[in-house]
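So the sequences go chain by chain: A and B. The number in this note's numbering is simply the position in the first sequence, starting from 1, with 11 added. The number in this note's numbering is simply the position in the second sequence, starting from 1, with 11 added.
Simulated from the structure, these hints should not be mistaken for laboratory data. Accuracy of the hints is not assured; some may be wrong.
[Claimed, not checked] Mimicking DSBU-like on lysine-lysine, the simulated pairs with C-alpha atoms at most 35 Å apart in a straight line are:
1) B:K57 x A:K337
2) A:K317 x A:K337
3) B:K57 x A:K335
4) B:K214 x A:K233
5) B:K214 x B:K233
[Stated by the list, open to error] What follows is a set of in silico ranges between Cβ atoms, one per label pair, in the way DEER data are often shown:
6) B:T230 x A:D136: 34 to 40 Å
7) B:Q221 x A:E35: 37 to 43 Å
8) B:G258 x A:E365: 35 to 41 Å
9) A:A31 x B:T230: 34 to 40 Å
10) B:A132 x A:G165: 58 to 64 Å
11) B:P63 x A:D262: 47 to 53 Å
12) A:E35 x B:G336: 30 to 36 Å
13) A:K238 x B:R218: 37 to 43 Å
14) A:K238 x B:A86: 32 to 38 Å
15) B:G336 x A:A231: 19 to 25 Å
16) B:K233 x A:D262: 40 to 46 Å
The beta-carbon is built from N, C-alpha and C at its ideal position, and this holds for glycine as well.
Number of protein chains: 2
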Amino acid sequence: MEKRYLFTPGPTPVPPEVLAAMAEPIVHHRGPDFRGIYERTLGRLKEVFRTPDDVLVFSASGTGAMESAVDNLAAPGDRVAVVSHGSFGDRWIAICERHGLDVQAIKYEWGEVPDPDEIGAAVRDAGVELVFCQHSDTSTGVVSDVRRVKEAVGDATLVVDAVSSLGAVPLEMGEWGIDVVVSGSQKALMCPPGIGVVGVAAKTWDRVRQSRSFYFDWTATKKAQDKLDAAFTPAVSLLRGLDVAMGMLLDDGLDAAFERHLKLGRAARAGVKAMGLELFSPDDDSSAVVTAIRAPEGVDSDVLLKHLRDRHGVTLAPGQGALKGKVFRIGHIGWFDVFDIAAALAAVELSLTELGADIERGVAVPQAFEAFEQPVHA
Amino acid sequence: MEKRYLFTPGPTPVPPEVLAAMAEPIVHHRGPDFRGIYERTLGRLKEVFRTPDDVLVFSASGTGAMESAVDNLAAPGDRVAVVSHGSFGDRWIAICERHGLDVQAIKYEWGEVPDPDEIGAAVRDAGVELVFCQHSDTSTGVVSDVRRVKEAVGDATLVVDAVSSLGAVPLEMGEWGIDVVVSGSQKALMCPPGIGVVGVAAKTWDRVRQSRSFYFDWTATKKAQDKLDAAFTPAVSLLRGLDVAMGMLLDDGLDAAFERHLKLGRAARAGVKAMGLELFSPDDDSSAVVTAIRAPEGVDSDVLLKHLRDRHGVTLAPGQGALKGKVFRIGHIGWFDVFDIAAALAAVELSLTELGADIERGVAVPQAFEAFEQPVHA
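Just chain A, with the same shape it has in the complex (with noise of 0.2 Å):
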């Protein structure tokens, strides 16, 4: 019965009251006892997107819902500008590639913070109409400035994905008139993974083409919808912990949610560095996503990953890529608050002193705590 801790970037942490929402009895996805929870849940998602116009619902992973930004918005052969910094731009890509798009990708180094103004001066010189980036690269913690990019690229079609920033760092998705954003509910949405969500601008669906998926089609689902129906079976108790975690969330405000989730970023990078150990995610407030930390020389960070795992039960996330065994990463997003930061940094500074690094100890938690407490608006 070794307690275990789950501090990784999605699947993250699901509240109790989630849980327990997903043990409730199956209801018909037809019938009047589902109604209410789905037309809750959709009024709900336009609420957490910022948005007025439509949330469509998909029972898959965020890559899903990626998948279905390409199928229904490009056809073989297109040209089309993707933004990569990370593990997930090379997802776009990748995903792009295989609808056989001519895909001009504007990359960054991995860590590096994408540059608005170029990035508008490279769509506009290939003359791309479509646009593909990240809000949060999960992979490397940067938190890329989505407002500028929209007013960068202008009227090309820009879809963000925000799979692990949505519920966690700003994005309004309708005063900064962004045309798609795709989510996942397993991250800031503090869902198990299984639900897909994309939120479609109205002004978007001129340019929605036919879907080369049927099970991805933005318009059958959107027609569905319409009606408080779903194109095919949704995932009825994913939903129904959806409707919950997006309640408490709501309850408790967007805005506060953002302001703790930049807390937690400040007390993360200052525990670290009171450590002696070297960022790999930027130091500033834009890092409230993840932190992605270098491991210590002379350490390997899948090794210190194993050991928190099958010694002390705490599981942080791996370096993805080039990144494999230097880095290790600290999610802190969703049900988390700052004595998860606290237990987090504790057993980092445990580990690494159980493995022979040269660490300073004892100072990470109250130099987190300090941090924490200073007036977001400085």
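Mind docking chain B on chain A? Use the hints.
Here is chain B on its own, set in the frame of chain A:
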């Protein structure tokens, strides 16, 4: 707190043990806590499919799993055959057409049982090498003899939609040489909706092409599963539930489940006929998944269903397509036993009486019990 009764052929009622598993804490999909569950789930799926080969797992509804077969086995312009004898046969046609296939439809009236020899001849005449069909078409209750269909189509690749039949009606994927079997979590597998599963026979891999879908890519999915990994974040809570549900099914034995479903079908038909109602689904032991019943003269079946639900909290399924208003359906797959049949029949009898229909009262339930008690092999 009116008690609800769900007697639909999907979603079906889920055992409390499975619901409780859904409420267990979230584990990371790449950690050892999940790997044990995942390995056991993948093994149990093979037992349920009765195949030594791979069963691929997708976070999707059954329709997503169906589309994955089209994506991975055919390319635009390919000539394929679809056997259609109900709503889900029409869905195969719609998916194939969406993918630009040249569809040779082998159509039967809804309620008619497909003839394997006719199918074999049609497939040879059309010169197709890929055939899609249903095992059970839930819209009509007709179960097709897919063993004989496979014999009749010979070397052509046969893709069987067993969404509503897997675990309820004998389907020996290995022994019968079926190439591909598609199913979903929310029917006889006694889970909430959200997991699509696809059994792919070893011999079929030679015919698998480059998937046009990134999300539904069989090759990438197999490659990940071979390492006990998943291509994308899997629906860990649903998989926990599926693990428990299949454990219950296999502890009792698949053959016991097949026998129970056969007897549930007999009980439902005996009760329906005793009331003086007319069956729409075939009056034989093939009808083990869902019993489709014609509404009596002067009663709209949708009015009956609304009455059952609003007055008594009992949910049955409506007629689909041209059968709307004329037919209603009692599902008896998964977490069902004979007292559920008794409750469903009693509720129909009471409601029809309340709606003024002239039916025989008090005989349906005793007749159902009597039919249920008969030996399976008389």
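Each hint, compared with the structure:
no.: 1; hint: B:K57 x A:K337; in the structure: violated (38 Å)
no.: 2; hint: A:K317 x A:K337; in the structure: holds (14 Å)
no.: 3; hint: B:K57 x A:K335; in the structure: holds (33 Å)
no.: 4; hint: B:K214 x A:K233; in the structure: violated (39 Å)
no.: 5; hint: B:K214 x B:K233; in the structure: holds (14 Å)
no.: 6; hint: B:T230 x A:D136: 34 to 40 Å; in the structure: holds (36 Å)
no.: 7; hint: B:Q221 x A:E35: 37 to 43 Å; in the structure: holds (42 Å)
no.: 8; hint: B:G258 x A:E365: 35 to 41 Å; in the structure: holds (38 Å)
no.: 9; hint: A:A31 x B:T230: 34 to 40 Å; in the structure: holds (39 Å)
no.: 10; hint: B:A132 x A:G165: 58 to 64 Å; in the structure: holds (60 Å)
no.: 11; hint: B:P63 x A:D262: 47 to 53 Å; in the structure: holds (51 Å)
no.: 12; hint: A:E35 x B:G336: 30 to 36 Å; in the structure: holds (31 Å)
no.: 13; hint: A:K238 x B:R218: 37 to 43 Å; in the structure: holds (39 Å)
no.: 14; hint: A:K238 x B:A86: 32 to 38 Å; in the structure: holds (34 Å)
no.: 15; hint: B:G336 x A:A231: 19 to 25 Å; in the structure: holds (24 Å)
no.: 16; hint: B:K233 x A:D262: 40 to 46 Å; in the structure: holds (43 Å)
Violation of the numbered hints given earlier is confined to hints 1 and 4; the remaining hints are satisfied by the structure.
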